[in-house]
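Peer 1: One letter stands for each residue in the lines below.
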Amino acid sequence: MADQTYDAIVIGSGISGGWAAKELTEKGLKVLMLERGRNIEHIKDYVNATKNPWEIPHRGMRTQKMLTDHPVLSRDYTLNEANLDYWADEQECPYTEAKPFDWFRGYHVGGRSLMWGRQSYRWSDFDFEANAKENIAVDWPIRYKEIAPWYDYAETFAGISGSVENMPQLPDGKFMPPMEMNIVEKDVAARVKEHYKNARRFIIGRVANITQPHNGRTNCQYRNKCWLGCPFGGYFSTQSATLPAAVKTGNLTLRPFSIVTKIVYDKNTKKATGVEIIDAETNKTYTFNSKIVFVCASALNSAWILMNSATDIWPGGLGSSSGELGHNVIDHHFRAGASGEAEGYDDKYVFGRRANGIYVPRYRNLFGDKRDYLRGFGYQGGASRQGWQREIAELGIGAPLKDAMSEPGKWTIGLTGFGETLPYHENQVSLDKDKKDKWGLPVLRMDCEIKDNEKKMRKDMMDDAAEMLEAAGIKNVKTYDAGYTFGMGIHEMGSARMGKDPKTSVLNGNNQVWDAKNVFVTDGACMTSSNCVNPSLTYMALTARAVDFAVSELKKGNL
Amino acid sequence: MNRRDALSRVGLLMGATVIGSEFFLSGCKNTDKKGGSELSKDDIAFLDEVGETIIPTTSTPGAKSVGIGAFMNMMVKDCYTDENQKIFTEGIGKLDEASKKKNSKSFLDSTPEQRTALLNDLDAEQKAYYKSKKKEDPEHYFKLMKQLTLLGYFTSETGATKTLRYIETPGHYDGNLPYKKGDKAWATS
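These protein sequences, in sequence, are chains H and B. So for the first sequence, the numbering used here puts the first residue at 1; every next one is plus one. So for the second sequence, the numbering used here puts the first residue at 1001; every next one is plus one.
These are computed hints drawn from the structure, not numbers from a lab. Possibly wrong hints are sitting among the right ones.
[As the list claims (entries may be wrong)] Covered stretches of chain H, as calculated for chain B (at least 3 residues, CB under 8 Å):
#	region
1	177-184
2	399-413
3	540-549
[To be verified] No more than 25 Å apart at the CA atoms, straight line, and that leaves these computed lysine-lysine pairs for BS3-like:
#	chain 1	residue 1	chain 2	residue 2
4	B	K1077	H	K186
5	H	K271	H	K27
6	B	K1180	H	K478
7	B	K1094	H	K478
8	H	K65	B	K1077
9	H	K456	H	K99
10	H	K370	H	K459
Heads up, the beta-carbon is just placed ideally off N, CA and C, and yes, glycines get one too.
Modelling step: build the complete structure from the supplied sequences, incorporating the hints.
Peer 2: Shown next as C-alpha cells:
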C-alpha cells in the first residue's frame, strides 16, 4: 500500500527521535515517526502547567494508590501527583530486575523531552579519548572536532543558555545569555575560584531554557514548572521545538500508539525494509516500509527492538554479531555531596523561580590530578533561602510559629555529584522471554551494578563538596550519600555502542548498524562511555550528524 | 519540582527535617490499600480547631478558614498507610484526653489560651519523642497533625497569597533582591 511506504521511519519521538524527524523532513524526505504512547499536544495537553499549587488536590504529595500503581517511580522524586500522566504505566509495561534497576520512562509523544532536567553540556576530547588511553572498553570512533560543528548546530536551534568559561574539559558553545547566579552563589563561586586558583569553578548551569525569544518561543518566565510542560515553550522539548519544525515541512506523519516490535530485515540486500508494529489500542499488526530507519526509542528500548529483529539470521538480534548488543549499559551515579548554611545574607532574597542551578565542571583526574579511580564527576547545586517547609525547633505552635514561617529562613547551599560510570561488558539488559507485557511482548531483564571505581568516586563526591563549601566560608557543612540504584540517573546509555570495529561494537562512527547499513541508532544506546555530564545535548548533535550522513549516502545510492 | 529541587530536598533530608515533604517522600510504606475510611463531621470540625490553634488567625486568616480539617481528612484517607491512619485517628481521642488531663475540660470547651498551651505541650512531647525515635517506631500523632496543618495551610490560596507571597509567572529572575525583616517569604521556590 502506498500510504505504508516512506523515505524514512523514525522510531521514538523523544529528544533524539524529534531531532531525527526534524532533520530528515527538512532535507525533503517523507518521514513516518512512530511513538508507542499517546499524543500530548503542545500547550493544550499540559493539563497542570497553569494550575496554582492549591489546585493540585494533594499538593503534589503521594497517595497510596500512586505508590501501588507506580512502585518503580516511587523510588525517587519522579513520582508526583502533578505530572503522573507523563510517566509510563508500570502495570502494562513491566520489566525484570536481576539486580535493582530504576527505569523511569516516558511513553508518549515527546518522551522524556517533556520532563527532562535540561542541563546541556558538551563533551571534550578528554572524554572521547579516555577509553583508548586507559584501555577501557573500546575507543570512541569520533573526536571532538567531528562533533563540534554539530554541537553548534544543535545548540543554535535548541536554545541553550550559558556562560563562556574557556575550560578545556567543558567546551563553550553557541549560548544564549546565561541565567544569573544569586548573590550567595556568586560570592561562593568567587571564593572557590580564588581558593583553588582557578582549578575548580562554580559556573551557572548550561540549560535548555531560552533567555531570549527564539523561533516563535517565549523566553523562560522563571516559573520552575518545566516538568509539567511549558505553555510558553520556554525550554526545549519535541513539542516546543523539533516537532513543529518537522510538521512545517509537510513531510511528517506522526503515528502515536505504535509499538515497534521489530525492524524487518532482508538478508539478500543486508538492509532493513521497514518495521513491524502493534497498534497499542487495537492490537493489530502493521508493516511500514522505508529506505532508512532511525532507532530513537530510548537507550534500552532501542536495544530491545534490535534484539527482537532479524533473529532468524542472528539469534541475539540485529546488531548482535559483535556480542555487544545490550551490554555495556552505563548511567550516571549521583546523590552524594554536601550542603551547608551561608551566613551574612539576611538582607538578601531572590525574585523569580530559576529552573536552573550552578554547575561545577569536572576537575578530578585532569591536568595532573591523579586519584585511585578513573574518570571524574561534576556537581549540580545551588543556593536558596529556606521557606515554610523548614523546621523551627525553638518554636512550638501558634502565632509565633505562623509569623516566623511567613518569613524566609536561612540561606543554604548544596552540591550533588554526578559521576561517570565505566562501561562494563557484564552490565547488560536482555530479553526475558518468561515475562510478557500487556501486548504479549517479552520484557527487558536488567542486570547492572556499579563497581569499585564508582564507589571510590562517591567518597570524593562527598568529601570534595564539603571541602569546597568550607573553603568558601559555608557553615554547618554536612556530607551525604543518599544511595544510588542503577538507572536512577535517568541517563541510561551504552546498550548498542559505537566503535571502530564491527567485532566489538554495534554501530560505526556514523551511528550506522554494522550489520544493516540503512539502520541508524542515535539515542543514548550509541554511547561508548558515559562521561559525567548530562548526555542529551550529545544525542541531539549525533542525531543531526547521522541524518546528514544518511541522506548524503541515500543520494549517492549507497543505502 | 525538577531534579535540582529534588536533589536539594535530598540534601535537606540529610541535614534538617523537612516537614511534610520528607514524610511523604520516604515515610509512606507501600501497601495494597486504595484509600481508607472517612473521618466523621465531628472529627473534621475538631481538626479545624486543632489546625486553627497551630496556625491561628492573626493579621491574616488562620488554618480553619482554609478548611484544614477537611484537608487533613483527605490526606489521611488517600496518603497514609493503615498504620498511620490508625495513629492519626486515635490521636484525636488522645489529644482530647490530654486536654481533660491538663485543663479539666475537652479541647473544644477550652479557651484559645488553654488550647495553645496544650498544643505547645504536645509539640514539646513529639519533639522529645523524635529525638530518640528509631526508624521502626511509630509516628507521633501530633507531629502528623502539625505537618498536615502546615502543608495544607501554606499551600492553600490564603496561605500562599496572604501569609506568604506567590506570583504565578514571575517573568524574570533577580538573584540579589533586597530583603528586610518582615518581608514575606515566597510560597514556592
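Peer 1: Below or equal to 25 Å on CA atoms is what counts here, so check K1077 of chain B against K186 of chain H.
Peer 2: Status violated; Cα separation ~45 Å.
Peer 1: K271 of chain H and K27 of chain H were given as a pair; does the straight-line alpha-carbon distance stay at or below 25 Å?
Peer 2: Since the Cα atoms of K271 of chain H and K27 of chain H sit roughly 22 Å apart, the hinted pair holds (cutoff 25 Å).
Peer 1: For the pair supplied as a hint, K1094 of chain B and K478 of chain H, is the alpha-carbon distance within the 25 Å limit?
Peer 2: Distance of about 37 Å is beyond 25 Å: violated.
Peer 1: Closer than 8 Å, Cβ to Cβ, for at least three residues: run that test on the region 399-413 of chain H against chain B and report holds or violated.
Peer 2: Holds: 10 residues of the region 399-413 of chain H have a Cβ under 8 Å from chain B.
Peer 1: Taking 25 Å as the top limit, are the C-alpha atoms of K65 of chain H and K1077 of chain B close enough?
Peer 2: Cα-Cα ~11 Å, so holds.
Peer 1: Do three or more residues of the region 540-549 of chain H come closer than 8 Å to chain B, measuring C-beta to C-beta?
Peer 2: violated (count 0)
Peer 1: If you draw a straight line from the CA of K456 of chain H to the CA of K99 of chain H, is it 25 Å or shorter?
Peer 2: holds (20 Å)
Peer 1: Between the region 177-184 of chain H and chain B, see if three or more residues pass the 8 Å beta-carbon test, and mark the coverage as holds or violated.
Peer 2: Answer holds; 5 residues pass the 8 Å Cβ test.
Peer 1: When you check the alpha-carbon spacing of K1180 of chain B and K478 of chain H, does it fall within 25 Å?
Peer 2: violated (29 Å)
Peer 1: So if I understand the rule, the pair passes when the alpha-carbon distance is 25 Å or less; does K370 of chain H with K459 of chain H pass?
Peer 2: Holds. K370 of chain H to K459 of chain H sits at ~15 Å (cutoff 25 Å).
Going through the hint list in order, the structure does not satisfy hints 3, 4, 6, 7.
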